[in-house]
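Chemist: Single-letter residue listing:
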Amino acid sequence: MSEDKRKINPSGMEIAAPRLTEQKASVAENAVFSLAVVLLGVLGAAWCFISAFSLPVLSLTVNLYALLFAAVFTLSYFLNRLRIYIHFLLIVLYSIAAWHFRFAMAQGFVITTNQIMKTYANHSGLNLPVYLVTVKTELYPEVCTLFLVFILFIVTGLVCCAVIKQKSLRLTFFATAPFLLAALAFTITPNFIAVLSLFTCWTALLLTRLPAEKKKGFLKIHSGYAGKSSSTAARSGLLSIPALFLCFALILSLFPRQSYQRPRELDKIRSNLVETAANSPLLNGSRALAGNTDHVDLNNAGSIHFTGETALQIKSDKQYPLYLKSFAGSVFTGSGWEKLPDSDYTGINRQLGGRNAQNMFYLFASLLHQQNNPVLNPFGIRVKNVNASKQCIYAPYNLSTTPEAITGVHFVNDEFIRSDSLFGTSEYTFYAYGFGPGEITSNISGLVYSVMTKRMFHSEGDTNIPDSTKSFFHNQEKYYVLNSENVKSYYETTIPENVLQAMDIKSRDYMQAEQDYRVFLYDKYTQLPQSTREKVQKLLKQEGLMDSANIRAASQSKYYSGVESMANAVKRYLSKNCSYTLNPGKIPAGEDFTEYFLTKSHQGYCVHFATAATVMLRAMGVPARYAEGYIVTPEDYKSASAGGWANIPDCRAHAWVEIYYPGLGWQPLEVTPGFNVGKSLTQESDPVNPLPAQNSFENESSSQAESSPERKAESKAPNSAAPSSAANPAAETGAKAAADSKAARLPIFIAAAVLFSLLVFTVLKRKLGLSRREKCFAQPDFRQAAVGVYAYLTQLTKFGGEISAEVNELAQKARFSRNGITEDELKVMTDSARRLARENYRNLPKWKQILFKYIYNLL
Amino acid sequence: MFRYRFSYGLLLFAALFFCIFFKEYLSFFTFLFLLLLPLIPLLFLLAAVRKTTVSLETDCSAVKKETDFCSYIVLKNTSLFPVAGAGIQISFENTLSGYKKEETLFVPVNSKTEQRVEYRMRSQYCGRIRVKLTKVTYYDFLGIFSMHKTLSAQAELFVTPGIYPIDIEIDRTTAAEAESSVYSKEKPGDDPSEIFDIRPYRSGDRLRSIHWKLSSKLDELMVKEFSLPTDSEVLLLVELLAPDMETANALIETFASLSQFLIENGIHHRIEWYDIKSSHTENAAVEEEEDLAVLLHSVLSSGYYSDEPYALKCRENMDKAHCAHVIYITGGLTGELSSFFGGMEGEKATVLYAGGLKSENDTQLAESLKTMHANVVEIVPDTIQECLSGITI
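Read top to bottom, the protein sequences are chains A and B. Sequential numbering from 930 applies to the first sequence in the working numbering. Sequential numbering from 13 applies to the second sequence in the working numbering.
Calculated from the structure, these hints are not laboratory results. One or more of the hints may lead you astray.
Only part of the chain B face toward chain A is listed, based on derived beta-carbon distances under 10 angstroms [what the hints assert, rightly or not]: (1) Phe30; (2) Phe33; (3) Phe40; (4) Phe41; (5) Thr42; (6) Leu44; (7) Ile85; (8) Val95; (9) Gly97; (10) Asn106; (11) Thr125; (12) Gln136; (13) Tyr137; (14) Glu168; (15) Leu169; (16) Lys382.
Built from N, CA and C at the ideal position, the CB exists for glycine as well.
Chain B extracted, bound-state conformation (with noise of 0.2 angstroms):
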């Protein structure tokens, strides 16, 4: 822009060297046209801009991996003078590898017409894929003059990881075993059975917890908190530490693949993991296929980490999980595991490490765990199936 103006400048200069040496009518006119040109153009942009809008639009809410999508930038001039340029702030980020991109679009916009522009896109990995429109910039024809409008335009979709059909053995004896009735007093579960407290109606809310007898008294919906037991057969703690993309997703994957197993065989189940972005640890009972896409959807939202094994971590501070098994899924194995290993009594213990035993330290560390009577099972990304595979539950 600062071309235009500076080109303008020269043009305006000459003209008024031109009017200063040249005594006739003309050049005197030719200043002034050069003078009040730039006002023609500013006009229009002014028309224009009052009647146009600028949306986000994207041809699904979620996809598979690898897999075409499309976001459209849909650009509505309603007016009679069409723009000369429209520059778009856009930025594509990845929430949960934390990945973001912006770029700047520009296209002109033709009067009374709707334009979009698709950008195609594909993912590798699984992912929230959020698109905003941030800004957005209008130029006049002379590129002089530009005016800025805000934009919160905002499309969202997930990239939903790959659910593998796997085959593991399951033994059912220990599961029996393991059965309690043992209820968290601190924190609400999804254990019907129990009820933990009564509270009203929050969005988000399931229906089935709703208690239509007290709400009908009280005329306000009231829900029904369930308790958490702390013995429920299966607890998988999802570990969301990962060096990168590919083992993280590598990781989502498996417990996915794991848990849709686990539901397909009536195998009631929990996932904790923890959420990096609110920093707390998130419990979920899993019996349908609709929790495990609810759940799905918040540990996509979440983002994966590097430096620390948090859900490990909050675990061992809280409650003994009192199951029958606990599959510790995680990208990373540290030192911590030995000691939460170590402290569980009775339980079977599974490590799905995703990423492979790469270093002498892991090497090790999956021996000490072998020796406190942890199963250690080394996922591949790309062989999540195969690896799964001889496991058992």
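Isolated chain A (complex conformation) (with noise of 0.2 angstroms):
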């Protein structure tokens, strides 16, 4: 028994290591296992890029050569004596090969790379380049299949090597993945002939990497030893391959192809983990204004600041003042707001008939035929995500793109608009009409008549009016004066079921629809806290702008000639009241968000007149939401790039308040004091006196004041007011600091990004280091160990000390004698080599201390 297999022991007792004998490893068998899983791979991962490109290839030349090059490499590495030969011989066939036929490659590669643009492009509706091809369509088999013959030589023997030499799973995938990997990037699926042989391979390999032997002999593990079996490998292998053939059939034969329907909790999942994601700060970014997908926090509404930096790029056709909304809020819950459950929708979207509230204008011009009249203000508008949150989608007000015509975004229900993806879309298209806020107005008896009639507007002598209808026209007169005791019956109003049926069919769904959404929005958007409820009305009815229980003569009642009518009280209550700041201070932790704002701190920004406008309109009964986004102004197409695009920089970050008109859908409210967003009103352009009582607010929506049957839905031309002159060098200037901030940014991101690398990759490489010369120290080989710990000792003498002679001997004896070293000795060398490194690294500076133990690695 040699000296190194023994391990001694005090009691005198020698245990050498384990040997297996077993009967001689079947050659036949392994080369069978070895050229089935390497022939499964090569044909696997060809015919997966093959498929999913639908590159024009000879399939039975493809599928010889592959055969043949697998039996080569597989015959060469069973063939140990003459593997280094035959693969040197292959080499060089190859290089002649290559360089004979290398136009037919290129040409080959060239096509191969349209052919995988082409079908990327068709995926994702990017625009990829295709490059020139010279030769005829009829050679493009052929010169692709050359091109592919050599790309498989390379892959075929990779793979050889990762199965048959490396006995490696891991590199057998990173061989082979590659090709279904670039087809499932964008969710093209290959042939699934190809993946499941590919699935064969991987998974052959991964039932046979237990016993693989790797290296011969028992390998001592801490507990004893641990022996492996190439022959065991093998014939699992053989085995493994028929049951994963039957578990295909099986799984194929329960659950078919053809028949196959995504379960929908899948898809839920899938969107609620996209939700998620998409919400974490992590991929979006900050939950500033305008920046949210799912909630407003107003506790974080304190102080608010601009940079100047572009947060968006519009490029339009028409240059409309905009209000780009990204989200609406639907639940106040006294600190924020929040969107309604999707459960709240499935009644109201059953109603609706695969309709959207969001395409509600479009839906009622189409029924008039008058979705393309240029009075209507159609335009488009395309928006680039530049700064802002990813997820959101900043979509301007009556749109006339529909859910399906879109892709990439979804509908969120009737509030807002989203992004499907889970790192966010940065660039969309939407059509719409363009129509400021409170230039265009509505009410029900207006929309029915002009659905009976099909005329947008009013015109005098309509006599084909049924008498039913002008009998709800005069029942309809009594909401000609809302206030807070009638608002609710007059969102409430049904259509009498004989004016319905007067109307056609379409128009007559359409009624119902907006009928049953109507009722649907006064339920969900006038709900408040019922303690927010009280303490607004309390003050609104201090504040003489609803019905206290006390005033009970007419002459005294509060009334308003509509819901614009409302809506102004509250904007003038709040513009005489309310000052705005951009530095109100949080909210103190407790305190209701707009009790707060309209009893005791009387000062914010547009977040919370916006807050304040809804909750007091719903607490007097009317319906309306929350809204933020972006604003873009008539003064910010002027400063547009010659490509057109305009910059909308992230001061233009605004929040609104929506009102629902019958007919139009939800229509922008403007309520902080000093915006004027057709007239390119600002608070930078145009400042607001921080006392409420001196702020020169315009109203403009006089047209607004009445409301009769006779008063269509009216609209208007573009707001062409004359651009505010005022400049904001504030602006420009923070928009030049930003912009060289931002530039300088790159180059310290990239040397701290450099700095981090080489970090990472001198701790890497120290971790490496030393286990390696641990695993050296420690193995069965004491000669070899003994052999380490010599050059290692080496190496620790250049930074001082010297290697002893007792260790020299025992170095010598180690590598010269025929019995080596004993256990006992090597602990000698390896502690003397310790002693050295420490007492080293005592004795030098600061400086070569880090060089020693970080460097080179010696301790």
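From the two separate chains plus the hints, produce the assembled complex.
Modeler: In structure tokens, the structure reads:
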């Protein structure tokens, strides 16, 4: 028994490492298994790639060459002595062939690339380049096949090395998976058989990795010894391949591909995950103003600061002032706005019959065949998200783009639109009608009239209106004046059956849907927490905006000429009693946001005003929503680049109120003093005097003062008010400074990244080096271990100290003597080395210590 | 195993993730496949384990010291399915020294084969080597499932002590005077001239002790228990008191060599020792080599101790030996020796002390024993032959 195999212990018993004696490994079994796995892997990868990108190839040629290469490489690995010569010969032949066919290969490469680009473009909507091919179309299969065969050669070589020599599942996976992943990354499903072939290859290797023999003999482990056996691996692999096929057959028979329907639960989980991830600060960035996708936390509405950086870029064929909404808050919690739960929409979505309330105006215009009427200011807008939240989709009002007409985004019920992608959507296009806030209004009577007469605008002398309808109009006259008592019944007005019957089927459906939606929204969008409602109603009554219990006399009742009139009253109140500031401070903990703003602080910015106005309107019985996003003024278009892209800075982030107009859908209502989007008036250009009494607020919607059944949905030409000439030097300077700092950020970022990579590399290198050294010292072959220790000692002596005579002697004994050294003698050497390392480290200056420890990894 | 289960869990989770985010059939198929995959190696494992056996063999039953010997773990799988790995728990024990080592051997078991794993061993000292397989755990090809089976395979062999030819002077005059016919009334012995008792046959009884006449009458095998003469010529009192295995080995070799010499010279003698495992003094008469061999096996199975001179203490409480010569073989000198040898009347006494007089205490004790006319001989391991020459029996 040789010295290095014995383990001596004090009781005198020596036990050598175990030796396995078994039947000689069957070369045939090994070879068959290896060839089978290699073929499955190579053919699987090849056909995944070919089928995914529809490459024009000669199938039989590809298969035959794959088989040939697999056979040759497999054989070369089993003829150990001749392997290197065979490989050398193959490389030479390959090089010669590649040189000879270089032009055809190049064309094959270009054709393959073009096919890949084309397929990617079809699946992603991206514009990808296509390159020129000089060969004739009839020769495409040949040159493509030629190119693929050359690639196949390399892949087969890699796979054979991974399967036969390295017996590594990981390497095999890395050599073959890219061909599948290249397709899956763009949701392209390759040929199913090819995929199964790859799965079989990987799984067969997975199932044989445990017994697969990489090194001869038993390996020492901490609790004993572990042995491997290549014959066991090969036999188990050969048995597992048919078992895998059976498994595939079982799955395919129980769950056939043709009748597969994706379970809805999976889609639900997917959208929940996307939403959760999207709402995380990691992916969504900050949750600042106009960056929220599922709720607004008003507790964070403290001071706000704008940098002037471009948040969005827009390009439009018309320069309309716009409210680009990203979020609408439906449920007020007292400290924030949230969207309505999806379950609340189950009934109304069914009633709307596939229509979306965000397209209300478009549906109305389409019913009247007016959808392309230029009077309605149809326009298109392309939005590029530069720095805003990528999950938010900033969409204009009065959309004619329906959910089916746009991909990559989804309409969140009747509230807003958000991105479908986990990482957001950076560019999108919408079509809409360009009306500013208050430019158009409507009421129920007006809507019925339009639908009945198929006229958007009222004209005199209409006698085609049935009497029942006239009777309905007459009945509606009581709503010419609204107050908190009758506003509910106004919204919940149901159109009589005989009026509906007088309409055609389409109009009837539309009116029924509109009515259902109106009733729904009244129920949902007038809700408030009870305590908030009571406090705000008390305030409204005190301020005379709402009837109090004591006022019963008609002369003293508070009446409004319409919903817009109620809204304006709220606006005026806020303008008079609250001042605008970007630094109102946070609401103290425990305080109701609205109550605090209205009764205590009286100062805030758009978020405060919009929230307060929405709450007040709801308290008055008017359904209203909080909305935020970005505003676009006509002034912004003037700064458009040569390409037509206008930069929308972050200071355009804004919050406003939405109120519902029958037939028109939700429309924006500006409530923040100093803002008039149509006139390019913002707080920057037109700062509001902090004293509410000095505000010179313009009431731009004088046409909204009265409402009668004869006043139909009106459209106005786009607001062509002279742009405000007030420059915004602060924003410009801010923008420049922002651009500079952004430019400066890049080199810093690069430097930080490089530093970080170096750090990571140093740490990993040290760990690897130390672990390798320990393994070398602990190996069962004491000779080799001693040589390793001696090499380590030699490195250490460069920093001082010397190798003792005893260790020198032991090293020589290990290297040259017949019996080698014992474990105890090796321990003497390693202890000496460690001692020297510690001593040297102690005696070195600080900077050399770092070098010693982290660069040379000697301790 | 935890590592493989964790990896499988991660893989399944990744497949689930793939299934959620990739809407095509492929993702669903992949998830289902990975869910069902562990069943394949599990079925292989169940089919293979039923037809796999593990046993233990040795190539001999007794070897000499410093001689290689082998134990074989035989794995036989008659099924069609291989086993990815069998983890066998093995223990190696030397009952004399009490040394025990356990380790685990992981080895794949191919189908339709018999595999042998050879453990080559060597012992520097004598003793009884016991190799035991206690448990085997079979693992599937994914490393997720395992099946345990308890084993009770065991193999033993004896590493015999070196028996050296020695040259000792025999004083037969003392031996003749010491002859007596006093027998022990409490314990049986081996002196056929006097029968101590007759009892039914027990396994291990010698054939020559069977009382054939009585057995034929009673139709049941009956044996004679011979008496224990309390006045044997030579008593070898073996004290397995030793600080280490080297000393224990030396003292066993000493008494074995001495006993062999006495056998060769036709001197009947008794050997007495204390079995620490059964807490019992054992006594045997030695006339032939076969008796020595049987006795050696018992001694090697007993184990040495390092705290008290148990054999000496038991001897003090027993009937007087009444022999010509008491040879006390020990690995440690203790104070009890003085009282023991002090109480001896007329018998010759020799102390063979294996290990050497290292401390002053030992030297003083040796001197005091000499004053009691006991001969103290120092036995140095590896020089037993030389140390024993020169003594007189």
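Chemist: Evaluate each hint against the coordinates.
Modeler: These are the hints, each one checked on the structure:
no., hint, verdict
1, Phe30, "9 angstroms, holds"
2, Phe33, "6 angstroms, holds"
3, Phe40, "7 angstroms, holds"
4, Phe41, "6 angstroms, holds"
5, Thr42, "8 angstroms, holds"
6, Leu44, "5 angstroms, holds"
7, Ile85, "8 angstroms, holds"
8, Val95, "8 angstroms, holds"
9, Gly97, "6 angstroms, holds"
10, Asn106, "6 angstroms, holds"
11, Thr125, "5 angstroms, holds"
12, Gln136, "3 angstroms, holds"
13, Tyr137, "4 angstroms, holds"
14, Glu168, "14 angstroms, violated"
15, Leu169, "12 angstroms, violated"
16, Lys382, "33 angstroms, violated"
In the structure shown, a violation is registered for the earlier hints numbered 14, 15, 16, in ascending order.
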